[in-house]
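Student: Single-letter residue listing:
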Amino acid sequence: MPVIASQKCFSLKTGKELEWYHGKVILCPPSRLQSWNEKVFYFQQTYGTAECALGPFMREIGMELSGARILVDCLKREGVEYIFGVNGGAAMPIFDALYDETEVKLIPMRHEQGASHAADGYARVTGKVGVALATSGPGATNLVTGIATAYMDSIPMVAITGQVLTDFIGSDAFQECDVIGVTRPICKHSYLIKSCDEVADVVAEAFHIASTGKPGPVIIDIAKDAQKNETLFQYPETVDIRSYKPQVNGDPAQIAKAAALIKEAKCPMLYAGGGVVLANASEELRELTLKTQIPITVTLMGLGAFPETHPLAMQMPGMHGSCCANYAFTDADLIVAIGARFDDRVTGDLDKFAPNAKKIHIDIDASCIGKNVPVDVPIVGDAKNVLTELNKLVDTADIDPWRNQIQEWKQKYPFEYEQKANKVMPQYVIEQIYEHYSDAIVVADVGQHQMWAAQYFKFTEPRQWLNSGGLGTMGFSLPAAIGAQLGCPDKTVVNINGDGSYIMTIQELVPAITMKLPLKIFIINNMYLGMVRQWQELFHNKRYSAVDYHDNPDFALLAQAFGATGLRVEHPEDVEPALLKAKGINDGPVVIDFIVDEDENVFPMVPAGAGLGDVIRGLS
Amino acid sequence: MSKEKRHIFSVLVENRFGVLARVAGLFSGRGFNIDSLNVAETHDESISQITLVTHGDAQIIEQIYQHLNRLIDVIEVTDLSTGTHVERELVLIKVATDDPQKRTEILQVAEVFRGRVIDMKPASLVLEITGDEGKLKAAIDIFSTYGVIELARTGKIAMMRGATK
Ligand SMILES: Cc1ncc(C[n+]2csc(CCOP(=O)(O)OP(=O)(O)O)c2C)c(N)n1
Ligand SMILES: [Mg+2]
Numbered sequence: 001m002p003v004i005a006s007q008k009c010f011s012l013k014t015g016k017e018l019e020w021y022h023g024k025v026i027l028c029p030p031s032r033l034q035s036w037n038e039k040v041f042y043f044q045q046t047y048g049t050a051e052c053a054l055g056p057f058m059r060e061i062g063m064e065l066s067g068a069r070i071l072v073d074c075l076k077r078e079g080v081e082y083i084f085g086v087n088g089g090a091a092m093p094i095f096d097a098l099y100d101e102t103e104v105k106l107i108p109m110r111h112e113q114g115a116s117h118a119a120d121g122y123a124r125v126t127g128k129v130g131v132a133l134a135t136s137g138p139g140a141t142n143l144v145t146g147i148a149t150a151y152m153d154s155i156p157m158v159a160i161t162g163q164v165l166t167d168f169i170g171s172d173a174f175q176e177c178d179v180i181g182v183t184r185p186i187c188k189h190s191y192l193i194k195s196c197d198e199v200a201d202v203v204a205e206a207f208h209i210a211s212t213g214k215p216g217p218v219i220i221d222i223a224k225d226a227q228k229n230e231t232l233f234q235y236p237e238t239v240d241i242r243s244y245k246p247q248v249n250g251d252p253a254q255i256a257k258a259a260a261l262i263k264e265a266k267c268p269m270l271y272a273g274g275g276v277v278l279a280n281a282s283e284e285l286r287e288l289t290l291k292t293q294i295p296i297t298v299t300l301m302g303l304g305a306f307p308e309t310h311p312l313a314m315q316m317p318g319m320h321g322s323c324c325a326n327y328a329f330t331d332a333d334l335i336v337a338i339g340a341r342f343d344d345r346v347t348g349d350l351d352k353f354a355p356n357a358k359k360i361h362i363d364i365d366a367s368c369i370g371k372n373v374p375v376d377v378p379i380v381g382d383a384k385n386v387l388t389e390l391n392k393l394v395d396t397a398d399i400d401p402w403r404n405q406i407q408e409w410k411q412k413y414p415f416e417y418e419q420k421a422n423k424v425m426p427q428y429v430i431e432q433i434y435e436h437y438s439d440a441i442v443v444a445d446v447g448q449h450q451m452w453a454a455q456y457f458k459f460t461e462p463r464q465w466l467n468s469g470g471l472g473t474m475g476f477s478l479p480a481a482i483g484a485q486l487g488c489p490d491k492t493v494v495n496i497n498g499d500g501s502y503i504m505t506i507q508e509l510v511p512a513i514t515m516k517l518p519l520k521i522f523i524i525n526n527m528y529l530g531m532v533r534q535w536q537e538l539f540h541n542k543r544y545s546a547v548d549y550h551d552n553p554d555f556a557l558l559a560q561a562f563g564a565t566g567l568r569v570e571h572p573e574d575v576e577p578a579l580l581k582a583k584g585i586n587d588g589p590v591v592i593d594f595i596v597d598e599d600e601n602v603f604p605m606v607p608a609g610a611g612l613g614d615v616i617r618g619l620s
Numbered sequence: 001m002s003k004e005k006r007h008i009f010s011v012l013v014e015n016r017f018g019v020l021a022r023v024a025g026l027f028s029g030r031g032f033n034i035d036s037l038n039v040a041e042t043h044d045e046s047i048s049q050i051t052l053v054t055h056g057d058a059q060i061i062e063q064i065y066q067h068l069n070r071l072i073d074v075i076e077v078t079d080l081s082t083g084t085h086v087e088r089e090l091v092l093i094k095v096a097t098d099d100p101q102k103r104t105e106i107l108q109v110a111e112v113f114r115g116r117v118i119d120m121k122p123a124s125l126v127l128e129i130t131g132d133e134g135k136l137k138a139a140i141d142i143f144s145t146y147g148v149i150e151l152a153r154t155g156k157i158a159m160m161r162g163a164t165k
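Chains as they are written, first to last, in my numbering: chain A, 1 to 620; chain B, 1 to 165.
Do not rely on the hints blindly, as some may be mistaken.
A few chain B residues that face chain A, going by a derived Cβ cut-off under 10 Å, partial list only [said to hold, decoys possible]:
#1 E14
#2 A21
#3 G25
#4 S28
#5 G29
#6 Q59
#7 E62
#8 Y65
#9 R70
#10 M120
#11 M160
Quick caveat, the hints were computed from the structure, so don't treat them as lab data. Quick caveat, the model's predicted, so the values are computed rather than measured. Think of the CB as a built atom: it goes at the ideal place given N, C-alpha and C, for glycine as much as any other residue.
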């Protein structure tokens, strides 16, 4: 409880009374006093909130703050709710500044990889910048996988790493690592802070860069002395980086050209990707689709941007995508790509990809356009802005024969599997999860279970589906689910995991339990690195090298040992009751280990390097 | 496949540490070629200019252009090969001049290339020659026949002709 300490306030520099503040100054809570050295005053609501006034006030009285304190205050300015981190020597002043902080909550994770994935998961569900924190050297290198994961999927993130004392930099000091060098190719930008005077400006720039244009992770590596030394705090009101001006509005002439092509096309299709989700452009995408009535395929990264339950939805394209979407690519005469990047997992053999189609490509990142596929109408801009403009120019497309063709493919080649007697089929588990958790946020890991989840769960909302699509990082999902649950406390968060992926970051069960997060952790346990086993079966003469995971522990018992609820399901008839039971457990995570058919493969499948038309359908 | 062509990029960047590493890293990371590279501060000390010579087909060059632009510290990228431009390189050549006869000859040749003698010792001299790539190649070829002891060469610098930037 704050108490009024003084009716008078004096400048620390001149000793003069600052009359202007008279009667407006209150002392902060006693817990703060010790760590802030009894110097900090809170400002009464003169300027709306105390926080806004803190900086100018302290500058006026000449009060200096440590770089670490300034860093934390900057994070507050940016509206940061959570920082995910693991403590260590070179970051201790920052952790100290966070110790009694209530607005920015520190979430201690069990491994820095978990911290970066949790920050990533938080960012994916909220659209805000996720923040991870680690010490120098090994702490920083442990963050790297999470940073690369966020980079590949263009997720806004700020990763803060402690660095050795400035005088020691370059001397191979204890726990020194050139983090800027290591992360250069996997981040949008990076900063090394050697002086506390740089902190405020760098943090403001970092958040601006991470969250605008094509989002991505930004690294702030901050030397320990820069964290400890004190300076005046001034947060920049605005950020203006002369060399960084993302182009958000599309060229009207290009948009008009696109509209004209759409009008002429006889077999057009929309191809939307994760960029639509990042740009919060799902509404506009839906309008475009409904207005034109053009069939649409949404990629693994974009799932939910358009409801998969809609008749125009062709479902996911690509290697394990629907035959309908892949055949449509092959026969289309116009592809409208929106925030999608013609990834090799989508296009298959480029020489056979969409041979008859003109291409319109809308992307915020000019370097993405024309990178893999020649484009007829490039439009650089934010998907939301461009689609808003494009929607004004389009009408219902006169393409009934094409629509009928799409419907025929869709009916003829749905995702399907064979229910083997007495086996828990992985696809059945996903169908049941969808049945009972259709509104949940689903966080998948990497492997067969990820593809089955993408195929059999029908996503209807953006930011409902989270997965590491670009880097394909095993171990992503559990920590990302923690971040997602904190970001969306009122939603149910379902983690669909694989037995191989789960054990890569299983330690993050601990913070989930500590925080009593009601995560539904469903393991599709085929006792194998299933996706790799599938490739070995199909392309390596069934030489099952290093994929047998029968030696894994019993995950239900292990969950109990951690302190969570752990259930094991071995029979098809037990799937539904277990899922229902999990619904009722909300005082912490529940882990269900679904022991599924070991031999099942993901189909359809376009073998790597083949054309989309050469899809192996599986069941015939 | 379109034809490979040589391109000269003028890249204005923030004069900060680490920027060159980002530019070079972009090339090594994406498998683009750097044929020559020159970096120096401009008349505005907060800005450095990188002159970068590379080659590739139209699609590669477009990618290089876009990726350079994507770097946060890059202020402006110009592909000088799209317009008429002037370009220069400078080479320092140390040639052996063990007998006086040879020295006279070398000095005459240097004259042809408008070279300047910037150091002279009994057994060697150092010439400074500027010019475009073709001229420097010709000069180096000739002086090689006299015995080059040492050679140092800048990367190319270039700018557009005319009043515009
Ligand atoms: C960190 C990491 N290592 C290796 C791989 C290669 N890999 C891709 S899928 C996969 C198997 C995943 O096994 P599991 O989590 O059990 O999922 P399943 O395919 O069995 O459903 C592997 C090893 C990867 N994607 N990420
Ligand atoms: Mg598995």
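Student: Need the list of violated hint numbers for this structure, in ascending order.
Tutor: The structure conflicts with hints 10, 11, although it agrees with all the remaining ones.
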